[in-house]
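**Q** Listed below, chain by chain, are the residues.
Protein chains: 2
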Amino acid sequence: MNQRKLQEFQTIFYPRSIAVVGASHDRWKFGTRYLQALIDSRFKGRLYPINSSTDEILGIKTYAKITSIPDSVDYVIVAIPARSVPDLLDDCADKGVKTVQIFTAGFSETGQDEGRRLEKVIEKKSRDGGFRIIGPNCIGVYSPAQRIPFGPMHFSVEAGPVGFISHSGGVAGNLIDDGIRRGVRFSKVVSFGNGCDLDDCDYLEYLAVDPDTGIVGAYLEGAKDSRRLFSLAKEISKVKPMIIWKGGRTPAGAETAASHSGSLAGSDIIWKAALRQTGVVKVENHEELVDTILGFLHFSGFAGKRISVVAGLYGAGGGASVASSDACTSLGLEVPPFTHETKAKLAAILPEAGSILRNPLDVGSIGANLEILNMAIGLVLTDPLIDILMIQVPVDFLVGLGSKKIFQDTIETVVSFRKNQTKPIILISPYGSAVTERLEFERKLSHANIPAYPTFERAAKTIVNLNQYYGFHGQQGMRISSDTLRKIS
Amino acid sequence: MNQRKLQEFQTIFYPRSIAVVGASHDRWKFGTRYLQALIDSRFKGRLYPINSSTDEILGIKTYAKITSIPDSVDYVIVAIPARSVPDLLDDCADKGVKTVQIFTAGFSETGQDEGRRLEKVIEKKSRDGGFRIIGPNCIGVYSPAQRIPFGPMHFSVEAGPVGFISHSGGVAGNLIDDGIRRGVRFSKVVSFGNGCDLDDCDYLEYLAVDPDTGIVGAYLEGAKDSRRLFSLAKEISKVKPMIIWKGGRTPAGAETAASHSGSLAGSDIIWKAALRQTGVVKVENHEELVDTILGFLHFSGFAGKRISVVAGLYGAGGGASVASSDACTSLGLEVPPFTHETKAKLAAILPEAGSILRNPLDVGSIGANLEILNMAIGLVLTDPLIDILMIQVPVDFLVGLGSKKIFQDTIETVVSFRKNQTKPIILISPYGSAVTERLEFERKLSHANIPAYPTFERAAKTIVNLNQYYGFHGQQGMRISSDTLRKIS
Numbered sequence: 001m002n003q004r005k006l007q008e009f010q011t012i013f014y015p016r017s018i019a020v021v022g023a024s025h026d027r028w029k030f031g032t033r034y035l036q037a038l039i040d041s042r043f044k045g046r047l048y049p050i051n052s053s054t055d056e057i058l059g060i061k062t063y064a065k066i067t068s069i070p071d072s073v074d075y076v077i078v079a080i081p082a083r084s085v086p087d088l089l090d091d092c093a094d095k096g097v098k099t100v101q102i103f104t105a106g107f108s109e110t111g112q113d114e115g116r117r118l119e120k121v122i123e124k125k126s127r128d129g130g131f132r133i134i135g136p137n138c139i140g141v142y143s144p145a146q147r148i149p150f151g152p153m154h155f156s157v158e159a160g161p162v163g164f165i166s167h168s169g170g171v172a173g174n175l176i177d178d179g180i181r182r183g184v185r186f187s188k189v190v191s192f193g194n195g196c197d198l199d200d201c202d203y204l205e206y207l208a209v210d211p212d213t214g215i216v217g218a219y220l221e222g223a224k225d226s227r228r229l230f231s232l233a234k235e236i237s238k239v240k241p242m243i244i245w246k247g248g249r250t251p252a253g254a255e256t257a258a259s260h261s262g263s264l265a266g267s268d269i270i271w272k273a274a275l276r277q278t279g280v281v282k283v284e285n286h287e288e289l290v291d292t293i294l295g296f297l298h299f300s301g302f303a304g305k306r307i308s309v310v311a312g313l314y315g316a317g318g319g320a321s322v323a324s325s326d327a328c329t330s331l332g333l334e335v336p337p338f339t340h341e342t343k344a345k346l347a348a349i350l351p352e353a354g355s356i357l358r359n360p361l362d363v364g365s366i367g368a369n370l371e372i373l374n375m376a377i378g379l380v381l382t383d384p385l386i387d388i389l390m391i392q393v394p395v396d397f398l399v400g401l402g403s404k405k406i407f408q409d410t411i412e413t414v415v416s417f418r419k420n421q422t423k424p425i426i427l428i429s430p431y432g433s434a435v436t437e438r439l440e441f442e443r444k445l446s447h448a449n450i451p452a453y454p455t456f457e458r459a460a461k462t463i464v465n466l467n468q469y470y471g472f473h474g475q476q477g478m479r480i481s482s483d484t485l486r487k488i489s
Numbered sequence: 001m002n003q004r005k006l007q008e009f010q011t012i013f014y015p016r017s018i019a020v021v022g023a024s025h026d027r028w029k030f031g032t033r034y035l036q037a038l039i040d041s042r043f044k045g046r047l048y049p050i051n052s053s054t055d056e057i058l059g060i061k062t063y064a065k066i067t068s069i070p071d072s073v074d075y076v077i078v079a080i081p082a083r084s085v086p087d088l089l090d091d092c093a094d095k096g097v098k099t100v101q102i103f104t105a106g107f108s109e110t111g112q113d114e115g116r117r118l119e120k121v122i123e124k125k126s127r128d129g130g131f132r133i134i135g136p137n138c139i140g141v142y143s144p145a146q147r148i149p150f151g152p153m154h155f156s157v158e159a160g161p162v163g164f165i166s167h168s169g170g171v172a173g174n175l176i177d178d179g180i181r182r183g184v185r186f187s188k189v190v191s192f193g194n195g196c197d198l199d200d201c202d203y204l205e206y207l208a209v210d211p212d213t214g215i216v217g218a219y220l221e222g223a224k225d226s227r228r229l230f231s232l233a234k235e236i237s238k239v240k241p242m243i244i245w246k247g248g249r250t251p252a253g254a255e256t257a258a259s260h261s262g263s264l265a266g267s268d269i270i271w272k273a274a275l276r277q278t279g280v281v282k283v284e285n286h287e288e289l290v291d292t293i294l295g296f297l298h299f300s301g302f303a304g305k306r307i308s309v310v311a312g313l314y315g316a317g318g319g320a321s322v323a324s325s326d327a328c329t330s331l332g333l334e335v336p337p338f339t340h341e342t343k344a345k346l347a348a349i350l351p352e353a354g355s356i357l358r359n360p361l362d363v364g365s366i367g368a369n370l371e372i373l374n375m376a377i378g379l380v381l382t383d384p385l386i387d388i389l390m391i392q393v394p395v396d397f398l399v400g401l402g403s404k405k406i407f408q409d410t411i412e413t414v415v416s417f418r419k420n421q422t423k424p425i426i427l428i429s430p431y432g433s434a435v436t437e438r439l440e441f442e443r444k445l446s447h448a449n450i451p452a453y454p455t456f457e458r459a460a461k462t463i464v465n466l467n468q469y470y471g472f473h474g475q476q477g478m479r480i481s482s483d484t485l486r487k488i489s
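Protein chains in written order, with this note's numbering: chain P, 1 to 489; chain Y, 1 to 489.
Treat the hints as calculated values from the structure; they're not laboratory data. Watch out, some of these pointers could steer you wrong.
To be verified - Only part of the chain Y face toward chain P is listed, based on derived beta-carbon distances under 8 angstroms:
#1 Gly106
#2 Thr110
#3 Gly170
#4 Asp177
#5 Ser259
#6 Asp326
#7 Ser330
#8 Arg358
#9 Asp362
#10 Val399
#11 Gly471
#12 Phe472
Every residue, glycine too, gets a C-beta built ideally from N, C-alpha and C.
Given the sequences, and given the hints that come with them, work out the whole structure.
**A** Structural data, given as structure tokens:
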């Protein structure tokens, strides 16, 4: 069963050859941009531009028709006007093509009779012709293992454990782009637009059994078969963390969704109630989506509710401590007092003036003294009342010190703690002016299994989401994801 | 009265000379870092390091004591241990110093008897000695017109219309740093820590009458005299937009606040209710604080509730349109349909396939065709049912096109609309990999009075906050802040 499903999707995510219809000498045409990105990504297969008025595009031999290609063609990308698509699909059938990804829009999402009719035509042609359709009205597939870029967008990173399906190419593109920057790596992403043939549930069934996918995410604006979707979500979330962002949760959003992907959004109350019974995490926007995926990537198992905060590094001040208490406890987490033992030991190493010797710990008084910081983190982490450490490192302040050595030493100090114990550590890394340095700092901590969040609120919401998932599925006790270090390049 | 208040604070924000006590040859000492930042900022007055064991620090002639300085001293920065502060204050009194800013912590915020006693001592010395105290336990003053940096943090930008007071140096520092990057400029900022002499209300009374301050913000963890604070807030918000972030809104946050600035946080419900009657905007975190200040900086007057969204530039997809509808309407704003006339005109210029010809308008089909984009924005802006335009420009997609010309042309296209009509335009500029280009894009639009927000949610919340303020004070009709173009460098 699983093998059959994997086989069925083989030419969708691992095609050996791709023809691009709609590429030309105009570099701004979407067809040309798809082809360019395939070249830039060093696609692991043969490429065939299709164009009857030239012999070569971007240095690649070009054919007049799909049927003129001498070798077999697994996958066709279509970026030509909607009215020309049906004839092209006849050629695809003749050629024995397995998968057709239709970027072209102008089908049922227009809400017009002609668009609906055209979509019915191509759907029938796919059934009759023995090929599957991705789309129409979609960006298509991102499959880094096969070096397939995401439409015109080329990302030069390796594959990882996150699979994602999306009604929206923009949402998927933003997720990939923002995710990669934060250390998320993907197995497969597919934007499937109107989903006239393969739809949300088909792709999810594949991701459920795909051995390279450990975390499943979805942006959905509705469901053609909500009963099947909810039942499938329940099955998947038993074995893989699953996150759904439901677009169109307000009446205005739902109306927009209908025009966008032709989806019937359905009531948000019903979605909320139904998803609650599946153990899926429901998120509300792009930030929460990336944040939650990042959390699942780094930590598996119930995270616990008892947060310790270390803030005020380099004298950055206690306002962050107050904000962290507000952020964590207003979301239902706890910032409990340290044990008497921890307090006493902290008091022995930290000057009282300029510090706050309680949880959240403010180490503002020690300036850039990393030796004391090191001891303080050690004390906090071994406190038995604490499940998770959030440490705020304002990289702008750090850069302001003007010492490359302190910058590197801070990284090593924090990283060394991750290596020597099992409690999760989360970096709170506020956006500031020193962007390059912040990204470098975050990248190095991410390699050590310490994910970065820009605010306490977003980190706290992530913990709440992870706890909801692992609580529902009865998995107690936080483990560090074994895959992560291997999969994050 | 106003003149007296301004005169009273003259040596706080415009001192002609500053002595730094605690500077040495150790560059990591806070005293040294204050001095270094004053030098880097080219402070508009005389500088006197105080240190009895050297004649010169950072190239500046150094005196053994305050009383050895031959000329007058307006302002003293104190970064020495708490126990040594009382004797120093005697010197300050002898010398006729006007203002003493005490960075040193270890006073009432420790919660210990000794700290409380010391704070009483310095308070009395200030009364007896005829000088005012900023602090203790604070970063102090940022006064760009006088070229006073914010403690050790030097910012190389001009002054602007935003005044801000803060119980936390970290919160103030983050606001300045993040704000400057987004085009916010400050008249005066003061972090006053425990506020043993001058406290929240004193500084607010000054900002109320300061002609260089047009917008007043505050981060407060409590109030020594809440009746006076709320009454003052009511007076100020009648004449200047006022924003308060109240730290310690949860019980855990309130406990932290007590240890941080010695504040009694008080119930959040009381603060909410009291502030609602003052017409002050209450915000919940750093992001909302900066966002709201930025909104007030660019727009004055009731903004209206009817939002139009233009998204999908460069084919970035309709997911953003759905998300924008959800974000705006869930906060109580409207995304109303366009008039029939607007719809008909849009249909005449935009291909149906790949576009969404309703509000939110998705121009995904036109790729990088700026001529059509230009016409589309024009149509949307002149629609009589629309108050505000939010336009999403995913700079990563824009950079991905690889054309410097399209990048510049997009800027000009959007900016030209701002110049030719009066409806507010807000840029939605998602965080992505192309950080440098995004900041350049945002800066250029900001100069044209188009502020940038990273998400629709944050832009929508800002509009809600502005509407609450101008609604309360009965100011109808959005005007573009006249100060902005002049004040943003």
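**Q** Please go over all the hints and tell whether each is borne out by the structure.
**A** Structure-based check of all given hints:
1. Against a cut-off of 8 angstroms between C-beta atoms, the interface hint on Gly106 of chain Y holds, since the closest Cβ of chain P lies about 3 angstroms away.
2. Nearest Cβ of chain P to the Cβ of Thr110 of chain Y: about 5 angstroms, under the 8 angstroms cut. The hint holds.
3. Annotation: Gly170 of chain Y was flagged as interfacial toward chain P, and the flag holds, the nearest CB pair being 3 angstroms apart, inside 8 angstroms.
4. At its closest, the beta carbon of Asp177 of chain Y sits 5 angstroms from a beta carbon of chain P; the interface hint therefore holds under the 8 angstroms criterion.
5. At its closest, the beta carbon of Ser259 of chain Y sits 5 angstroms from a beta carbon of chain P; the interface hint therefore holds under the 8 angstroms criterion.
6. Here the hint on Asp326 of chain Y is kept, as its CB sits about 4 angstroms from the closest CB of chain P, short of 8 angstroms.
7. At a threshold of 8 angstroms, the smallest CB-CB gap from Ser330 of chain Y to chain P is about 5 angstroms, leaving the interface hint in force.
8. About 6 angstroms separates the beta-carbon of Arg358 of chain Y from the nearest beta-carbon of chain P, less than 8 angstroms, and the hint is met.
9. The beta carbon of Asp362 of chain Y comes within 7 angstroms of a beta carbon in chain P, closer than 8 angstroms, and the hint placing it at the interface holds.
10. Interface hint at Val399 of chain Y: violated, since its Cβ lies 11 angstroms from the closest Cβ of chain P, which is beyond the 8 angstroms cut-off.
11. Taken as an interface hint, Gly471 of chain Y does not check out: its beta carbon lies about 22 angstroms from the nearest beta carbon of chain P, beyond 8 angstroms.
12. Hint status for Phe472 of chain Y relative to chain P: violated, with the closest Cβ pair at about 25 angstroms, above 8 angstroms.
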